[in-house]
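*Asks:* Position chain F against the provided structure of chain R, taking the given hints into account.
Chains R and F are the protein sequences, given in the same order. Its first residue numbered 1262, the first sequence is counted upward by one per residue in this note's numbering. Its first residue numbered 1262, the second sequence is counted upward by one per residue in this note's numbering.
A hint or two may mislead.
Repeated chains share a single entry, so a pair holds when one copy, or any two copies, can fit it.
[Claimed, not checked] Computed list of lysine-lysine pairs in DSSO-like fashion (alpha-carbon distance at most 30 Å, straight line): (1) K1582 - K1608; (2) K1875 - K1653; (3) K1653 - K1520; (4) K1430 - K1875; (5) K1486 - K1759; (6) K1754 - K1327; (7) K1656 - K1486; (8) K1546 - K1779; (9) K1292 - K1475; (10) K1430 - K1475; (11) K1653 - K1608; (12) K1597 - K1379; (13) K1731 - K1433; (14) K1517 - K1349; (15) K1875 - K1292; (16) K1746 - K1732; (17) K1567 - K1685; (18) K1608 - K1579; (19) K1430 - K1685; (20) K1433 - K1656; (21) K1721 - K1430; (22) K1343 - K1779; (23) K1653 - K1582; (24) K1329 - K1349; (25) K1653 - K1579; (26) K1685 - K1292; (27) K1743 - K1567; (28) K1327 - K1488.
FYI, nobody ran anything at the bench for these hints, they're computed from the structure.
This is what each chain is made of:
Protein chains: 2
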Amino acid sequence: MDRNLYLENMDVDEALKLFLDRSGQKQQTEKIPVIGSLGRVTADPVFAIYSSPNFNASAMDGIAVKAKDTFEASEVNLVILKKENHYKYVDTGDSISDPYDAVIMIEDIAEAGEDRVKIISPAFPWQHIRPIGEDIVANEMIIPSNHIIRPVDIGALLSGGITEIAVYKKPKVGIIPTGTEIVEPGEELRIGDIIESNSRIFEGLVIEYGGEPKRYAPVPDDYEKLKAALKNAAMENDIVVINAGSSAGSEDYTAKLVKDLGELILHGIATKPGKPAILGLIQGKPVIGVPGYPVSAWVVFEIFAKALINKWSGRPIKEEKTVEAVLSKRMVSSLKNKEYVRIKLGKVMDNLIATPLNRGAGVTMSLVRADGILEIPQTSEGFEAGEKIKVKLLKDLEDIQNTIVSIGSHDLIMDIAGNMMHRKNSGYNLSSAHVGSMGGIMAIRRGEAHIAPIHLLDEKTGIYNIEYIKKYLSNIDMALIKGVKRVQGIMTKKNNPKSIKGIEDLMREDIGFVNRQKGAGTRILVDYLLKKSNLDAEKIRGYEREMTTHMAVAAAIASGTADMGVGVYSAAKAMNLDFIPIGEEDYDFAIPRAFLGEDMIELFIEVIMSQEFKNYLQSMGGYGTENTGEII
Amino acid sequence: MDRNLYLENMDVDEALKLFLDRSGQKQQTEKIPVIGSLGRVTADPVFAIYSSPNFNASAMDGIAVKAKDTFEASEVNLVILKKENHYKYVDTGDSISDPYDAVIMIEDIAEAGEDRVKIISPAFPWQHIRPIGEDIVANEMIIPSNHIIRPVDIGALLSGGITEIAVYKKPKVGIIPTGTEIVEPGEELRIGDIIESNSRIFEGLVIEYGGEPKRYAPVPDDYEKLKAALKNAAMENDIVVINAGSSAGSEDYTAKLVKDLGELILHGIATKPGKPAILGLIQGKPVIGVPGYPVSAWVVFEIFAKALINKWSGRPIKEEKTVEAVLSKRMVSSLKNKEYVRIKLGKVMDNLIATPLNRGAGVTMSLVRADGILEIPQTSEGFEAGEKIKVKLLKDLEDIQNTIVSIGSHDLIMDIAGNMMHRKNSGYNLSSAHVGSMGGIMAIRRGEAHIAPIHLLDEKTGIYNIEYIKKYLSNIDMALIKGVKRVQGIMTKKNNPKSIKGIEDLMREDIGFVNRQKGAGTRILVDYLLKKSNLDAEKIRGYEREMTTHMAVAAAIASGTADMGVGVYSAAKAMNLDFIPIGEEDYDFAIPRAFLGEDMIELFIEVIMSQEFKNYLQSMGGYGTENTGEII
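So here's chain R without its partners, still in its complex pose (with noise of 0.2 Å):
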């Protein structure tokens, strides 16, 4: 085994700053025509050559006269002027030059036989007249330096005579994926294959900074290979982004390249994640090596590369947008190192609720779903819950506040019902968070969610929900909506290769099983109905292995490491699984009837009543809309 086992934990602002001492101040400019400059970096400032306009010119239609020939006009003594002598007719932007000092408007003048006009009132010197410069004056500053063009600059720029600018040059960035697991998207997939995406959030971060990307194809986790790949794309490029290899595996080359092709840096940073990253220097030029997990990539890309490809691009620096928002659980971080939490933030009332999502280095979904980001210091043990807590935005604050935060059990309507909205208006979105039927009735107890999606039976009664938000919720003024009635059941594998029948089936010693959390409406389900056959959960092979969601069982149905578990029909057809009826639930809706005024609220009713999601549901089977949409 040839494994680098020790990495250095450097932390991070300490690492930014010798990574950008090291890299050097490499700006370099060009001379691009202004027409194409849109969304470029000037590197100088620029000033007008012409004037704009540079005539006087007529600001009407109208006619061109001398002020002092019409100065005795007035109600009771009009003054008549010929043609040639006196005036001549002018449209808006003519030029007006010697001898005519003045426009009167077409509106102010009556004709007066042939060649003649009559006007009534004087025109006083330069009236209707732009002067010449009005709008720029030679030799003024249109736009400063470092200054993204926008298309009014263009205009501006054009009208003042300019045709050419200095901006920067668009740093080169060449991003290199490696490992020889990866496969290229559309690629037939293996178990143990892994698609290569970092590289195209790559491409996109750089064209985003102000960078040009350039993609390499993937190289197989090969000394040599790579080291050619690597020596090729440094001599190609300002800055190299190479893609993994950085951690301490018997297959990770990045630290060793580093060091024999130029100089290593350092390896290995406080973050969480992101640890294993690689800086160092290659031909001069600076290189990135980025752990491969996708949110571990796109920390260690947001913290080097984005600073230096916006101090090459020459942009202004932004400071980052944050809010202050309340932490929805408690939150222990290690001390270790500073770690970035993806946040979901939702308003519900009058605050700004923060919810940690997925932590895995591995869940890209929890970039793709997060609205900012929580930065926990390597000095802080966490956060408890209710703290306040500083956020950086990914997203506008405003599409954060137009959103319904839904907060409980999961079922593929809650997309199906969110994209309908945002489909009927833009402004509006739903978020909806996986916590179990209880986890969202305690997430509206704690003010944290508008709605919660909840299917919990009372063992007593048998009546679905309503006991529940009785007992957990009696100090809120609550309505439920009803939702859908949807179809539970068996999920085996295709042709039910174990011949499953029942729930009795789970006591089997040749069945494995998959459940669901704690508090999740299907374990009550499963529960109830092991109690009311008298079985024991204790000897059920897999009792213990939690899922927290529908699919995710089915997933592992499908994959064979489990032979049995209990979810919705929708999860089983997406799998491909058998499935096997159990009963009928009440999948509804909780709310608090403050927020049934609400007018996103209200576009939610309209669209789980409407034909179309009606029919969409229909189509998908295992769902009953009798009631959906009613409020009680």
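*Replies:* Okay, now just chain F, sitting in the frame of chain R:
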């Protein structure tokens, strides 16, 4: 004369609704590769095809084991595992499959002879294994419809097995510049010519709003040529913008063209600027006739083209960001129309101050300089100074807050200093408004500016600036930052064709003067000199012709509309004029002492004291920098 004198005056909201309704819903979609889809807008929600990972994967470097083989392990009961039988080495990301169901980290094992390791604690089932679908579960929604694709979305889509997605087609927008008077940028500019720049602003805006611009070569004001161009553009595009010919002048053909080729929906909206807008349909394609003045053009484009492009490109509708600000001066507006006023914002103390920029429809620079737009409804006659108004932001509020608001006398050095500041710290800006020295003093008194550049001569003492501050700003604790010694002089045409020798030449019959506005330091200087020489201002030809900057005075002389003016050397030099020095004055900065500690003010002082700044001034000539940056 063939003039179309009558324009409608339709309410703008009504006009927009009519236009959008008549334009119809012609959104088209297309399938494109995910790679390269950055910034496009999804037409449908996108559901994952594969799970990610799509196998159970080791989350650590270590060994894969069967959990049940390890249950007995403890510190007092080492368990020895044999390779092949009990474990295999795995790297992070390797597939874990039957018979293995747990991973032990490399750090937690010890070698125990060849192909043997020992462990001291049990592994629980599924530990350190990323379950199938941990990131993405097949069939879950990755992104909704009407979503602008970001870099992380591309990563998630690829990981979920998506290689192609349905997006909205970018609406094609044809842009036709017209006018016999326009010339292309870079072409020779004769008197009466206008550089064509509006179409280039539109190009940029179309791109920003998600459309695909197609700009045609300019067409002269010729009915048949215009007809052919418009017909062709309607055929080749989804939307056509024609600029200009929309007014009621003798060569304004657009309305007639639209009528002849299709249907004229309306001509004339109740806005200022932008009144002569034209809306129509040709071959069923929406056509927008945009007026010629750049600001009018921008207003009409922003109202109609933006709304339509946004709608057809499927982008989520965003509320426009507004702020509340205090209006710095009275603004009267007509009841005949809704007015769009460009606003400069500045944060002074705790107040956001809104200062209207030049309201002229031809002043592109008012758009370049604007921080926001004030919409004065048709039903309003305007606002009083000090009134709170709502301003639509064109820039980030943060940028506005980090801007030194300078109001007062004009000098090129303000641009130079502002640019150097911005270059040293791109987080800070300097915005300078030119209202003359007394205007600056008054702005400080009203709390609307951080600094006021002034050069005000006290007639009695002959001392600059200090007396004025004492007199007009006695109730504010003020400081004076010494600026530059500045040479003032008489500007006249190159080679002094009228043999001007001094201020007394102003009395000559053959000399036309161009003056500065009341309250300008230079005006005060001129009056002082006239008084000293017992000259009668009333007898000066052009005394009443007021310009608001040195450059405007210089431009008037350069263009031959005046023979003589007073201003600074840099302006004369820039316009290639002769310059007869008449004295040196103190151009200083009045500043409330309270602002001296602010970072951006300190940066400003640092800049004007820098050698770089002094060198720059020396290279321009006409400035002395003995005490620059000194605080009094």
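*Asks:* Indicate, hint by hint, whether the structure satisfies it.
*Replies:* Results for each hint:
no.	hint	in the structure
1	K1582 - K1608	both (17 Å within a copy, 18 Å between copies)
2	K1875 - K1653	neither (39 Å within a copy, 41 Å between copies)
3	K1653 - K1520	neither (35 Å within a copy, 53 Å between copies)
4	K1430 - K1875	between (54 Å within a copy, 29 Å between copies)
5	K1486 - K1759	neither (48 Å within a copy, 79 Å between copies)
6	K1754 - K1327	between (96 Å within a copy, 23 Å between copies)
7	K1656 - K1486	neither (40 Å within a copy, 48 Å between copies)
8	K1546 - K1779	neither (52 Å within a copy, 58 Å between copies)
9	K1292 - K1475	both (22 Å within a copy, 24 Å between copies)
10	K1430 - K1475	both (15 Å within a copy, 26 Å between copies)
11	K1653 - K1608	both (16 Å within a copy, 23 Å between copies)
12	K1597 - K1379	between (89 Å within a copy, 28 Å between copies)
13	K1731 - K1433	neither (62 Å within a copy, 57 Å between copies)
14	K1517 - K1349	between (82 Å within a copy, 26 Å between copies)
15	K1875 - K1292	between (59 Å within a copy, 27 Å between copies)
16	K1746 - K1732	within (23 Å within a copy, 81 Å between copies)
17	K1567 - K1685	between (36 Å within a copy, 20 Å between copies)
18	K1608 - K1579	both (25 Å within a copy, 17 Å between copies)
19	K1430 - K1685	between (42 Å within a copy, 19 Å between copies)
20	K1433 - K1656	both (27 Å within a copy, 28 Å between copies)
21	K1721 - K1430	neither (72 Å within a copy, 56 Å between copies)
22	K1343 - K1779	neither (97 Å within a copy, 37 Å between copies)
23	K1653 - K1582	both (6 Å within a copy, 19 Å between copies)
24	K1329 - K1349	within (15 Å within a copy, 103 Å between copies)
25	K1653 - K1579	both (13 Å within a copy, 21 Å between copies)
26	K1685 - K1292	between (46 Å within a copy, 22 Å between copies)
27	K1743 - K1567	neither (47 Å within a copy, 40 Å between copies)
28	K1327 - K1488	neither (80 Å within a copy, 38 Å between copies)
Hints 2, 3, 5, 7, 8, 13, 21, 22, 27, 28 from the list above are not met by this structure, while the remaining hints are.
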